[in-house]
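Novice: Each chain, letter by letter, is given below.
There are 2 protein chains.
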Amino acid sequence: MRGVAIIGCGMTRFGKLERGLVDLLVEASLAAITDAGASERGFDAIYVGNMCSGELNGVTGVASVLADRIGLLPAAADRIENGPASGGSAVKAGFMAVASGIHDLVLVAGGEKMTDTPTGRLADVISTLLHPYEYACGATLPSLGALLARMYMEKYGVRRESISLVAVKNHKNGSLNPYAHFQKEITLDDVLNSPVVAEPLRLYDVCPVSDGAAALVLCPAERASEFTDTPVIIKGVGHATDVQSVTERDDPTVLSALRVASEKAYEMAGVEPGDVDVAELHDAFTILEVVQSEDVGFFRKGEGARAVEEGETWLGGRIPINPSGGLKARGHPLGATGVAQIVELTWQLRGEAGRRQVEGAEVGLSVNFGGFGNSILVHILERR
Amino acid sequence: MRGVAIIGCGMTRFGKLERGLVDLLVEASLAAITDAGASERGFDAIYVGNMCSGELNGVTGVASVLADRIGLLPAAADRIENGPASGGSAVKAGFMAVASGIHDLVLVAGGEKMTDTPTGRLADVISTLLHPYEYACGATLPSLGALLARMYMEKYGVRRESISLVAVKNHKNGSLNPYAHFQKEITLDDVLNSPVVAEPLRLYDVCPVSDGAAALVLCPAERASEFTDTPVIIKGVGHATDVQSVTERDDPTVLSALRVASEKAYEMAGVEPGDVDVAELHDAFTILEVVQSEDVGFFRKGEGARAVEEGETWLGGRIPINPSGGLKARGHPLGATGVAQIVELTWQLRGEAGRRQVEGAEVGLSVNFGGFGNSILVHILERR
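Each protein sequence line maps, in turn, to chains A and B. For the first sequence, the working numbering begins at 116 and goes up steadily by one. For the second sequence, the working numbering begins at 116 and goes up steadily by one.
The following block holds chain A by itself, in its conformation from the complex (with noise of 0.2 Å):
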């Protein structure tokens, strides 16, 4: 398998932006590229990551668009579907084309256009998701996000200020990201403070609804001197599914595709949970972070929350989670944030991350989580 280097990355920021879903794409396409210094090059391949092109933005065979507009034909161009880890998955298919030797310039780029549409309409959507029978008896994806919280809490005897906490860590990261959606910090008082979405879940609990998107230019490992002198190398992949119904899981509190994806990974790269140094974890609710933080092997089962209360993920801590402000304050443009999270990575390891910079990053891992938790991604990279 040849290995494969990231030479390449940018995005948009991350909000409410009034530009449409192939724009976005474009724009971030066009900073990655410039980023690898390799506008003047044919591309072999593209990959976007998106969930709802067609539902949300009437737009199907977005990557071939994608390709037209931004002069890179002939190049093959697919577009990944896997939920709210399409990104991860286009990051993935990007890995794969290189690797095998069939592709080698290869774009990858993810994004989502969701504010324009309304509210009642997105959560239709979004819905689709969910396992059938579990969305008829009233399910969605925050109501199962409080469910989680609420037996975390009780089996671990966790308090929800403890959960919460990720907000106010996330958001004072985000305040330091000038890609985030949200670019100020909340205290703990404003999360336990803000409106009821599903209890134990308030609003800041729970990330935004955003517009965005993100690239990435890949290339074989042997090759990054081309066009870089700080090439990041994808040293691991893991991939896993588990049940669609979360009645049907043992214990809900476990995300066992997490476990089997991030083995995988670690396994593949040849590290283990503590040479990470810095991780984007897919906290789309803060229960979320908690319990990856504990999947991926960071802390033990039922230790992510106190964790986080004695600042071992905050920048600074041990092993710093969502320096970007992860979907909670950078935001969630759900095909985007896959990918936006491996750019965040590439500048943490590249030492281009500003303000946000973990020291001497050289190991980043993600968890990129689609479905609720039935599909999810881990990638591991290192700085060369």
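It is worth saying that the hints were derived from the structure and are not from the lab. Zero decoy hints are in this set.
In silico contact screen, one side only, chain A against chain B (beta carbon under 7 Å); selected entries:
no., residue
1, A190
2, A192
3, E196
4, L244
C-beta atoms are modelled at their ideal positions from N, C-alpha and C, and glycine is treated no differently.
Dock chain B against the given chain A, drawing on the hints supplied.
Specialist: Leaving out everything else, chain B in the frame of chain A:
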């Protein structure tokens, strides 16, 4: 790059079916897994080719749902969307997964459930493939097909009857295919007297709206003998993109993306057009089979219609095209088609195609066509 073998295949009958999308994918997948003798094996990954699961069927993350439904957890699962070429792109994704070494045993499925969507709504969804400016000017896929036919007839001095013979041939082939949507022969007069869709295309020049699914099992070529004595090898893969806007093309009677994609596939496979024994082309409109048979290198430009007239592309001819009945008679459930083409070629190369068998076929080629030719995939298969 590791060699990749097809070790199992299966499909549903195509047509107006009383089952949902996931049920169709399940049926085809289980048929392919059974055919591979892999029912007791653990699968590593699943790729689903599908264009409109969200828009038409209210399901996103359908690949994860399929993994769950057929008991292939924790296999990685992704949906690949590339318009009507989604199936071909899913086959390519499965190929890359095995070729790269990241996955060993891989299921590729393609499916679409279309017939329970009202025609007007379906037309709206399919029109999301068009360039927005051309759509605003009244273009639809059939009207673009009609313009192409008209331009081709004038440029090369071809009569419409010659083009419509494609429908007669493909219905004859479909009458020999128990999986075909239409298993009934038609005459040239039937085509010429059928209702006008967009002059010169009449109803029988145009593929039907169908439901259906098809599936393949792939593994590394060196492991194929664990499963089967008749592996079929994916020798060449080509995939290219053209401008979306048909009016921007130098010569719309030439499918540039097909020329690039087929050149790549021939080079990778180490074969030439004259080596191909059987082909499945994307005859969504009769004119498309004619044009593709030229741009893929079987005939000189302007000679494709004559070849149909002279029997060269019929069963028993020099290069039989669409022995399955093609999109015209087998049917065209969008995301299923690219996979079904490769299922048909696998049966042909194994000598299992029954009354439509192309005798002694050793090399097969498929063309899957996305948008209005702005994304095209070519696969070349060889029996070992």
